[in-house]
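Turn these sequences into a full structure, and let the hints guide you.
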Amino acid sequence: MTWSLLFFTTNIFLGIGLAMDAFSVSMANGLNEPHMNKGRVCTIAGVFGGFQALMPLIGWFCVHTIAEYFHVFEKFIPWIALILLLFIGGKMLIEGIKNDCKEEVSAVSPGALFVQGIATSIDALSVGFTIAEYNWIMALAASLIIAIVTFFICIGGLIIGKKFGTKLSNKAQILGGIILIAIGIEIFVS
1 MTWSLLFFTT
11 NIFLGIGLAM
21 DAFSVSMANG
31 LNEPHMNKGR
41 VCTIAGVFGG
51 FQALMPLIGW
61 FCVHTIAEYF
71 HVFEKFIPWI
81 ALILLLFIGG
91 KMLIEGIKND
101 CKEEVSAVSP
111 GALFVQGIAT
121 SIDALSVGFT
131 IAEYNWIMAL
141 AASLIIAIVT
151 FFICIGGLII
161 GKKFGTKLSN
171 KAQILGGIIL
181 IAIGIEIFVS
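Residue 1 is where the sequence shown starts when you use my numbering, and the numbers rise one by one after that.
If you are wondering where the hints come from, they were derived from the structure by calculation, not from laboratory data.
Backbone N, C-alpha and C define an ideal beta-carbon position, used for all residues, glycine too.
Fair warning: there could be bad hints in the mix.
Derived CB-CB ranges, DEER-like [as the list claims (entries may be wrong)]: (1) LEU5 with PHE188: 27 to 37 Å; (2) ILE159 with HIS64: 31 to 41 Å; (3) GLY90 with PHE7: 34 to 44 Å; (4) LYS38 with TRP79: 29 to 39 Å; (5) ILE66 with PHE13: 22 to 32 Å; (6) GLY17 with PHE87: 20 to 30 Å; (7) ARG40 with ALA182: 23 to 33 Å; (8) HIS64 with LYS98: 45 to 55 Å; (9) ILE148 with SER126: 12 to 22 Å; (10) ILE160 with PRO110: 21 to 31 Å; (11) PHE61 with GLY156: 25 to 35 Å; (12) THR65 with LYS38: 31 to 41 Å.
Derived BS3-like pairs (lysine-lysine); straight-line CA-CA distance at most 30 Å [what the hints assert, rightly or not]: (13) LYS163 with LYS98; (14) LYS91 with LYS38; (15) LYS98 with LYS38; (16) LYS91 with LYS163; (17) LYS75 with LYS98; (18) LYS75 with LYS163.
Structure, rendered in structure tokens:
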């Protein structure tokens, strides 16, 4: 593929498709932390965008170097995403039930955010196969387009989650946990 409008359009749509899991998790994070400030919103969206950029590059690198080993790993991707999201979602669900009487909800920890970033972008590893025909610069550009699209979609998810999180009060953490578990199951099934 060459630099063209088709290149940019394809990667924008690829970014939209890949960002849907991160969008849902962003909504859950917004539900969990309805009073987060703009800096925190940008940080969370940036983590998801960063992982969505990194994973296709890792996939591209694997295709160009260690492709035969990646095929063995590929069948474990849904299992990894399921386990990570079940763990984080289950933890949120349990904490939400334990703290049912409390008004204050805790912020998503850096470790949990890191795990969410990996879990929601692990399917983007396979995008490395679809961009394998690109040279290094085009693969990097495609990954950056995906990251930018993900960033803005996640900001939207966080804003939506914050709005409903304020209305749902102490039930938001329970709902956020259920959403993460459902996303994990959906990734595994599909």
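Here is how each hint holds up against the structure:
{"no.": "1", "hint": "LEU5 with PHE188: 27 to 37 Å", "in the structure": "holds (36 Å)"}
{"no.": "2", "hint": "ILE159 with HIS64: 31 to 41 Å", "in the structure": "holds (38 Å)"}
{"no.": "3", "hint": "GLY90 with PHE7: 34 to 44 Å", "in the structure": "holds (41 Å)"}
{"no.": "4", "hint": "LYS38 with TRP79: 29 to 39 Å", "in the structure": "holds (36 Å)"}
{"no.": "5", "hint": "ILE66 with PHE13: 22 to 32 Å", "in the structure": "holds (28 Å)"}
{"no.": "6", "hint": "GLY17 with PHE87: 20 to 30 Å", "in the structure": "holds (25 Å)"}
{"no.": "7", "hint": "ARG40 with ALA182: 23 to 33 Å", "in the structure": "holds (24 Å)"}
{"no.": "8", "hint": "HIS64 with LYS98: 45 to 55 Å", "in the structure": "holds (48 Å)"}
{"no.": "9", "hint": "ILE148 with SER126: 12 to 22 Å", "in the structure": "holds (20 Å)"}
{"no.": "10", "hint": "ILE160 with PRO110: 21 to 31 Å", "in the structure": "holds (23 Å)"}
{"no.": "11", "hint": "PHE61 with GLY156: 25 to 35 Å", "in the structure": "holds (30 Å)"}
{"no.": "12", "hint": "THR65 with LYS38: 31 to 41 Å", "in the structure": "holds (40 Å)"}
{"no.": "13", "hint": "LYS163 with LYS98", "in the structure": "holds (23 Å)"}
{"no.": "14", "hint": "LYS91 with LYS38", "in the structure": "holds (25 Å)"}
{"no.": "15", "hint": "LYS98 with LYS38", "in the structure": "holds (29 Å)"}
{"no.": "16", "hint": "LYS91 with LYS163", "in the structure": "holds (23 Å)"}
{"no.": "17", "hint": "LYS75 with LYS98", "in the structure": "violated (36 Å)"}
{"no.": "18", "hint": "LYS75 with LYS163", "in the structure": "violated (38 Å)"}
Hint violations for this structure: numbers 17, 18, all remaining hints satisfied.
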